[in-house]
Structures are given as structure tokens and as C-alpha cells.
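Make a model of the complete structure from these sequences and hints.
Counting from 1, position 255 in the sequence shown corresponds to residue 254 in numbering that gives the first Met the number 0; the numbering is continuous, with no gaps.
Careful: at least some of the hints might be erroneous.
[As the list claims (entries may be wrong)] Capping the alpha-carbon separation at 30 Å, the derived lysine-lysine pairs in DSBU-like fashion look like this: (1) K157 to K221; (2) K483 to K506; (3) K314 to K38; (4) K288 to K27; (5) K422 to K314; (6) K71 to K27; (7) K150 to K212; (8) K288 to K38; (9) K637 to K303; (10) K303 to K27; (11) K64 to K38; (12) K92 to K161; (13) K486 to K506; (14) K676 to K596; (15) K101 to K150; (16) K483 to K499; (17) K64 to K101; (18) K637 to K683; (19) K57 to K150; (20) K38 to K161; (21) K27 to K92; (22) K303 to K314; (23) K71 to K38; (24) K57 to K101; (25) K27 to K38; (26) K303 to K683; (27) K499 to K486; (28) K64 to K161; (29) K499 to K596; (30) K635 to K676; (31) K288 to K71; (32) K161 to K212.
[To be verified] Derived Cβ-Cβ restraints for the label pairs, each shown as a range: (33) N439 to N684: 27 to 35 Å; (34) K92 to N639: 54 to 62 Å; (35) N182 to K64: 34 to 42 Å.
Hints were generated in silico from the structure; no laboratory data involved.
Bear in mind the structure is a predicted one, so any value in this text is a computation, not a measurement.
Don't be surprised by glycine CBs; every beta carbon is placed ideally from N, CA and C.
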Amino acid sequence: MKKLKLDYLPKRKHAIIGIVEWFRIGEKERVENILSDLKALGIQEIRTGFSWAEWYTKEGEEWYKWLIPRLKEEVSILPCFTYTPPNLGLEPKVSSPPRNPKDYTEFLESVLRVFEGFFEWAELWNEPNNLYDWDWRLDPNWEVFTEMIGKAAQHLRKREIKTVLGGMSPIDPNWIELLCQRNIMQHFDAVGIHGFPGTWEFDWSEWPQAISKVREVLSRNKMTPEIWITAAGYSTWRHDEFRQLRNFANFMEAPVQRAYWHSAQDIHPDLPFQEVFHGDERHYHFGIKYADGRPKLLYRVWAKEGLNGVKQMAKFGTIKDTNLTEKTKIIEVKKPKSTGLQRRKKEESRPVLITGGAGFIGTNLAHRLLSAGTPVIIYDNLSRPGVEENLQWLIDTHGEMLQVKVADVRDPYAVRECVQQAKSVFHFAAQVAVTTSLENPVNDFEVNLRGTLNLLEALRSLSKPIPLLFTSTNKVYGELTDIKMQKDTMRYYPADQSVKMQGISEKRHLDFHSPYGCSKGSADQYIIDYARIYNIPNVVFRMSCIYGTHQFGTEDQGWVAFFLLKALRGEPITIYGDGLQVRDILFVDDLIDAMLKAHEQIDITRGNAYNIGGGPANTVSLLELLEMIEQLHGQKPKVNFSSWRQGDQRYYVSNTESFRAVTGWLPQISAREGVGKLYHWLLKNRKSSSFHRMKKVAQ
0 MKKLKLDYLP KRKHAIIGIV EWFRIGEKER VENILSDLKA LGIQEIRTGF
50 SWAEWYTKEG EEWYKWLIPR LKEEVSILPC FTYTPPNLGL EPKVSSPPRN
100 PKDYTEFLES VLRVFEGFFE WAELWNEPNN LYDWDWRLDP NWEVFTEMIG
150 KAAQHLRKRE IKTVLGGMSP IDPNWIELLC QRNIMQHFDA VGIHGFPGTW
200 EFDWSEWPQA ISKVREVLSR NKMTPEIWIT AAGYSTWRHD EFRQLRNFAN
250 FMEAPVQRAY WHSAQDIHPD LPFQEVFHGD ERHYHFGIKY ADGRPKLLYR
300 VWAKEGLNGV KQMAKFGTIK DTNLTEKTKI IEVKKPKSTG LQRRKKEESR
350 PVLITGGAGF IGTNLAHRLL SAGTPVIIYD NLSRPGVEEN LQWLIDTHGE
400 MLQVKVADVR DPYAVRECVQ QAKSVFHFAA QVAVTTSLEN PVNDFEVNLR
450 GTLNLLEALR SLSKPIPLLF TSTNKVYGEL TDIKMQKDTM RYYPADQSVK
500 MQGISEKRHL DFHSPYGCSK GSADQYIIDY ARIYNIPNVV FRMSCIYGTH
550 QFGTEDQGWV AFFLLKALRG EPITIYGDGL QVRDILFVDD LIDAMLKAHE
600 QIDITRGNAY NIGGGPANTV SLLELLEMIE QLHGQKPKVN FSSWRQGDQR
650 YYVSNTESFR AVTGWLPQIS AREGVGKLYH WLLKNRKSSS FHRMKKVAQ
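Here it is as C-alpha cells:
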């Protein structure tokens, strides 16, 4: 098993790395955001489009007179001069060859007079063998193109500006041969190539092989220009951010002098791409950040760990022998029938699949299973900051018993191939915060509901369904405003004595009060319905507040750990509301006990939803937790108060009697004992990289 080590490797010389990003007229705020991102990544090079068509409009000229100086203040610019003004083309479109090839040189000169000294290099055209950028059907022998760029390159050389031949997509050595034979290549200082492995490059091998084909042509013609990758990227339209990271790691090792990654940010879904609105969905997802500014995995690792961290992350995360075609072939091979004992042993040796397995609960469950000799597949997209440290700890502790699949539950094919190998499933992968769901309800829906449905469909496709445990939430019960509350100086409590003594039971009607509640509640119901209709042995845990070791607490999720982290750092804690709100809290070890009991007795628990938490014996208000922290830490935390947050319950305590009645389970670790355990674990690990990551998250 390959291990993830996020320390720095010995420095190795690689290509100068830049970013590709093209800007539309007026996108000043977006320019500033991307410049800020490039600074965070340590990037000094940008390749950006400079439209000939826009330059000859008043708005375009004003835009570039702002854009180019602003970019130059922060980074070195490789302008890509492209797009014919429609009124100058053989046909009225920007991909048309110009009627007069000399017009392109005149355009370049008009730009250079305005931006004298701004450019060391210039790229002449973009993807000239791509119909979107150069309609070669109007120039079938490339005569207009070769005349146009040949004269332009000679002119720029006289101006002491180095030139890059517009990047080919796909890479075509025969096209380079044509330019060599026409004596065009001698005027260029670099050849640009583009590559999008895993997206359009269906026959892609590796960068060295692709580049060697270009070098062979240049060498045969006694040409020695540099070779640059002026655009390479990977679209995450299937939510496979890890593959984007892995392709970037390969791209960094390409044997070229300079390489530009496409792109800084996704295209906004409301905008067209090259005048076509969602003609090819893949075009919209090449960014290392989403269109709304959320970081993808590549950006997060790059910003925090540098390029060496990216290389290390790329070295793990796939399960061996998961090719579906190969597996089908193996199934078709005729073998002697196995005995019942052999089949049972094979079944017992299959791994347990844990989605979201690098998270706090998944890590604790995986550790328990692996320690007992049960192999585990962790399926996680690593989107939550710091979970890679949990994963590293599991790998270091358990080695080959653990398999890792870095993928997203929104990818149904990746989900299916893992389900087909498993003997049971624990489904923890989720968007976990109410506040985040309010900001981006569509993403919340896609992860929590669509991801769960992908998993259910994978289970339904099996000839023999396997058990599934799903972690739902107490938020499915809404704000509980119909329960009359009383309060004292430290907490709320129900006026109804039976609720106060027993908590909220599963008989409570569902009442969704946030996108998060809707998505988790809907998934909850799908799980139960699939158990009833398709006879899949599913069980649902509607959980209250879970806390314990390996937790990366934030304000939105994992508030017990978050409060402790803040106290250890001496930072103020913000309480939303009055601090009297009450929850039952359950230490993670007790939760794992409950999960294993649910699986052991799946014939009884299947098709049911159970409220799981610390119960009435393990309740705590926010103010009471602050008192516990003061007793542990010897210092009272600083506290600020803010307004209530939408959907926040004044009181929620789980009635766990239904689950206790069928399994005998009861929490063994009291709230006070558990908070002490977590405090001392955090204190012990405060010098580790995990702890420092948690500090960053807490900020």
C-alpha cells in the first residue's frame, strides 16, 4: 500500500508551472480573486487570451488597457493572440481565417504600441487544428494560417519578442511537419502543445511519449525550439477531483520547459463557452476552484502543502484490480464449484466499505474493524480539510489490510465498483453542515441525496444484497417548536416531564427546516424504502451530537471538539443564541459499539430508523460545556454571543430505547468522562501536523 507523506521531498527541477485563465470583458472582481489565488499558490505565470476581435471594439480596448497592466503588477503574462474580427474574416465568425493575413500582424503591432515592454513572449493563435478556434475547412491546406503566423512571428522577432506557436489540440506531429516544410517553424522560439488526458484524449499514453513525437519531427527538420505545454487540464464534471490532482502531478513531470494548467476556476454555469451554451458539459469543470470560489482538492493540497504535497497525495488512492471488464472476464471463466465452506470463507474475507471513511467517525470505525482483522475499503473524496491525516494514520497503523479509493459518491461508477467488492457498507459520506446547505443547497442535494441514491442503486444491482448502515441526523425532526420549553440560568428543558426524562423518540413526525435537513431526511426515507421494496438490509441511525478522537471540529459540525480546540488556542468562542440550548452527546467509541451491534443483528434492525445519542443521562448545554472546559483547562474560555442560526433546536435529546430494546446497547462513557478523553487526546496531539491542521480549520 502506497503511503501518503505530506512532508517535503528533495527538490527536483521541473517545468515552470503557470495557470491558464481567460477573462471576459468587465470581470474585474474575478481577476482580483484569481490573482489572490495565484499568490496563495506561489504562481508567477499566467497564460490568458487576448482577442483580436475584442481589441477592435471600444469596450474591448478599454478592458485590455485595464487588464494587462493589472495582471503585470502581479504575474508574468503569456498573451495568446487569437480570434478574428468577424468583419475581417472569410466568414463572419471569430474562428474564420482573415481575408488578408497581414491584418493579424497589424493587430499585433497596434497592441505592442500600447503595451510596450509588457510581454517577453507571445503565443500566436490558440489550437489552430481545432474547429472552435480556426475553421480549417475554410483553409484546408493551411495556406492562410502559415502565411499569417509566419509574417507575425518574423515581425515580433524584430520587436525582440519571443514567440510560441499556438498549442495544438490534439497533438499532431504531421501538422508540425507541415510547418517545418513551409519554413514557418524557424521563426518560432517555442512550440505549444495541449493535452487533456482523461477528458478528450481517449488514446492518451503519457506526456513523455506525446512530447517525443513532436521532438522527433523537430529534430528531423533540424529545428530546436523549446516545447511548452500551453494548456493541459482535467475536467471534474464527474466529481473526480482526485483524478484531476493525479493528472496534474503527471503534468508537472512532463519533459518541457514551461507548462500551463487549465484553469484557475470553473466557467460559471450561466455563461456560454465559445458562444455555445452547455454544448459540452466537460468544458465547464476544468478549474481548480469551482465557479463560486470553493476550492477543489488540487487547490487545497497545493495551497497548503505545495507541489511536493500534490505529488505525494497523487501516489495513493486506487483499489487494485477494479477494472470492470477484467472482472467480467474472470467471472466468465469456468471453475470447479466451490463448497459451501469455501464460499463462506471467501465472503468473510471480503472488506467492509466505509464511505466518507477518512472522516472522524469513519476513522474510528475503520480502526476498530481493522484491529479485529477485518479488511476495510475507505471511500472518500478527501474534501474535508485535514482528513488526509486520519487516512495517513490508518495506513501507518494497519498497512495492507486497508484499501483506499479516493472518489466521490456522486460518481455512480466508482461507487458501484467498490460495492461489488464489499460484504457490508457504512455510509457516512455527506455534506455535514446546515450553514453550508443554506449557502449551496444544490451541492448539498447532490452529495447527500444523489450520492445516497447512487449507493442504493449499486446495492440493488447485486445478486445478493449486503447490509447498509446510514448515518442520518436529528435535524430531520425540525426545530421542535411545538415542545414547550422552560429554562434556568444554564439550560433549556421540556415542560413535559416524559420528554425531559426520555427524550425524543422515532415516533416524532419528520419536519425538515433546512436544505441539510431535507437532503438527509430524504436520504433517510430512501434507505428505509429500499429496505421495504427491494429487500436490502438497511438500517438508519438518526444521530445527535457525536464527539471523540480524530475529530476536526468546526462551528458547523463537531462543536464539542471545536470548543476544546478554541480553548487550547486561547481564542474566543462564538455562541449563536443564548448558550442554553441542550444536546445529548455521545462519545464515538459508544457509537461504534452501536453500529457493530446493528450490523450483527441486521435481521432485526433492518428497515428501521433509530435515534442514537447519549440519551437523557448524557446531556449538556453550551454553557455547561464551557464550565467543563474551564475545569479541564484551568482557564475560562473567552466567549462572544451572536444571533440564533436558522434551524437551530433549543433542545434535542435522543430517546434510544427502541435500539436498546432490540440490541441491549447503552452508552458506557459519560459526557464528563468523554469530554475529558477528547481534551487530553487533543492536548497530546497538539504538536502533530494533524493538530495544526485542526487549528487552521478552527480559524
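Okay, the hints, checked on the actual structure:
Simply put, K157 and K221 have alpha-carbon atoms about 22 Å apart, close enough for the 30 Å limit, and the pair holds. Between K483 and K506 the CA atoms are separated by roughly 18 Å; this keeps the pair inside 30 Å, and the hint holds. A hinted pair counts as satisfied when its Cα atoms are at most 30 Å apart, and K314 with K38 qualifies at roughly 26 Å. Among the hinted pairs, K288 with K27 is consistent with the structure: their alpha-carbon atoms are about 18 Å apart, no more than 30 Å.
Note on K422 and K314: the hinted pairing holds, with a Cα-Cα distance of about 27 Å set against a maximum of 30 Å. Between K71 and K27 the CA atoms are separated by roughly 14 Å; this keeps the pair inside 30 Å, and the hint holds. Between K150 and K212 the alpha-carbon distance is near 27 Å, which keeps this suggested pair within the 30 Å criterion. Among the hinted pairs, K288 with K38 is consistent with the structure: their alpha-carbon atoms are about 14 Å apart, no more than 30 Å.
Simply put, K637 and K303 have alpha-carbon atoms about 29 Å apart, close enough for the 30 Å limit, and the pair holds. The suggested pairing of K303 with K27 holds, with an alpha-carbon distance near 26 Å, which does not exceed 30 Å. The suggested pairing of K64 with K38 holds, with an alpha-carbon distance near 22 Å, which does not exceed 30 Å. Our distance criterion of 30 Å between C-alpha atoms is met by K92 and K161, whose separation comes to about 28 Å.
Distance restraint check for K486 and K506: the Cα-Cα separation of roughly 25 Å lies within the 30 Å cut-off, and the hinted pair is therefore satisfied. For the suggested pair K676 and K596, the alpha carbons sit about 23 Å apart, so the restraint of at most 30 Å is met. Under the criterion of a C-alpha separation no larger than 30 Å, the hint pairing K101 with K150 is consistent with the structure, at around 7 Å. Distance check on the hinted pair: K483 and K499 sit about 11 Å apart at the alpha-carbon level, within 30 Å; holds.
Pair hint K64 plus K101 holds up; C-alpha atoms about 24 Å apart against a cutoff of 30 Å. Pair hint K637 plus K683 holds up; C-alpha atoms about 22 Å apart against a cutoff of 30 Å. Between K57 and K150, the direct Cα distance comes to roughly 27 Å. Compliance with the 30 Å bound is thereby established for this hinted pair. This hinted pair checks out: K38 and K161 have alpha carbons roughly 26 Å apart, not beyond 30 Å.
At roughly 26 Å between alpha-carbon atoms, K27 and K92 fall within 30 Å of each other, so this suggested pair holds. Pair hint K303 plus K314 holds up; C-alpha atoms about 17 Å apart against a cutoff of 30 Å. A C-alpha spacing of about 13 Å is found between K71 and K38, which places the hinted pair at or below 30 Å, so the restraint holds. Of the supplied pair hints, the one linking K57 and K101 holds, its CA atoms being roughly 22 Å apart against a limit of 30 Å.
Distance check on the hinted pair: K27 and K38 sit about 17 Å apart at the alpha-carbon level, within 30 Å; holds. Taken as a hint, the K303 and K683 pair is honoured in the structure, with Cα atoms around 23 Å apart against an allowance of 30 Å. Only pairs whose Cα atoms come within 30 Å are accepted, and K499 paired with K486 is accepted, the gap being roughly 12 Å. This hinted pair checks out: K64 and K161 have alpha carbons roughly 22 Å apart, not beyond 30 Å.
Of the pairs offered as hints, the one joining K499 and K596 holds, with about 27 Å between alpha carbons and a cut-off of 30 Å not exceeded. Pair hint K635 plus K676 holds up; C-alpha atoms about 19 Å apart against a cutoff of 30 Å. At roughly 22 Å between alpha-carbon atoms, K288 and K71 fall within 30 Å of each other, so this suggested pair holds. For the suggested pair K161 and K212, the alpha carbons sit about 23 Å apart, so the restraint of at most 30 Å is met.
In this structure, N439 and N684 meet the distance hint of 27 to 35 Å, their C-beta atoms being roughly 32 Å apart. The given range of 54 to 62 Å is respected by K92 and N639, whose C-beta atoms sit roughly 58 Å from each other. Remark: the range hint 34 to 42 Å for N182 to K64 is upheld by a beta-carbon distance near 36 Å.
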